[in-house]
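Going by our numbering, the first residue of the sequence shown is number 1, and it counts up by one from there.
Read the hints as simulated data drawn from the structure, not as lab findings. Just so you know, these numbers come straight off a predicted model, no measurement behind them. Some hints here could point you the wrong way.
[To be verified] Listed next, with one range per pair, are the computed distances between beta-carbon atoms:
| # | residue 1 | residue 2 | range |
| --- | --- | --- | --- |
| 1 | Asp53 | Arg104 | 55 to 63 Å |
| 2 | Asp170 | Thr56 | 22 to 30 Å |
| 3 | Ala101 | Glu133 | 34 to 42 Å |
| 4 | Glu19 | His105 | 42 to 50 Å |
| 5 | Val153 | Phe122 | 43 to 51 Å |
| 6 | Gln54 | Gly149 | 16 to 24 Å |
| 7 | Thr71 | Asp108 | 19 to 27 Å |
Backbone N, C-alpha and C fix where the C-beta goes; we use that ideal spot for every residue, glycine too.
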Amino acid sequence: MLELSILGFLAEAPLHGYELKERIKALSGHVRPVSDGALYPAINRLVAAGLLDQRTEDGASAAPRRVLSLTDKGRAELLARLRTPKQAEITDHVRFNTVLAFLRHLGDRAEQAAVLRRRLDFLETPSSFFYREGEPVRAEEAGDLFREGMLRVARATGTAEREWLHEAIDTLSRTAP
């Protein structure tokens, strides 16, 4: 998801490393913080793969800054990743939010709707954090105040997300404005 975040934010504008880190941190930092030890090696891999360009410019006070921008190959890679997210990027809420953050770059409404349908299909499959005899445990059956809380919050969140997904898919399925 780090690479998708890097590609996605650089599709919007060239950024230097610190700005990029702050944007990634704002997107998912409290859940999955990004360290310099993860960010800069990921940037270097993307540069080596020809997905990013880098140039040096004078810093505001002293040290020069490395400014990163997306190459045409990098934009193609971003679109490919958005078009066909991995299953974990559909099933994991935080990862799916990262996909959502950049899905507008895909541009094709039918392709955007297809990604949303995959998430909706996943959410409409009965599941739980807890199982009893192979069946999902509902909040009312948890028998534990704290597990009941987890399940009730998850149900409310899932309901709201499914409603939004239905609305978004309907909007995307209509003729382009």
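Status of each hint after checking the structure:
| no. | hint | verdict |
| --- | --- | --- |
| 1 | Asp53 with Arg104: 55 to 63 Å | 23 Å, violated |
| 2 | Asp170 with Thr56: 22 to 30 Å | 47 Å, violated |
| 3 | Ala101 with Glu133: 34 to 42 Å | 39 Å, holds |
| 4 | Glu19 with His105: 42 to 50 Å | 18 Å, violated |
| 5 | Val153 with Phe122: 43 to 51 Å | 18 Å, violated |
| 6 | Gln54 with Gly149: 16 to 24 Å | 47 Å, violated |
| 7 | Thr71 with Asp108: 19 to 27 Å | 21 Å, holds |
Hint compliance for this structure: hints 1, 2, 4, 5, 6 are broken, all remaining hints hold.
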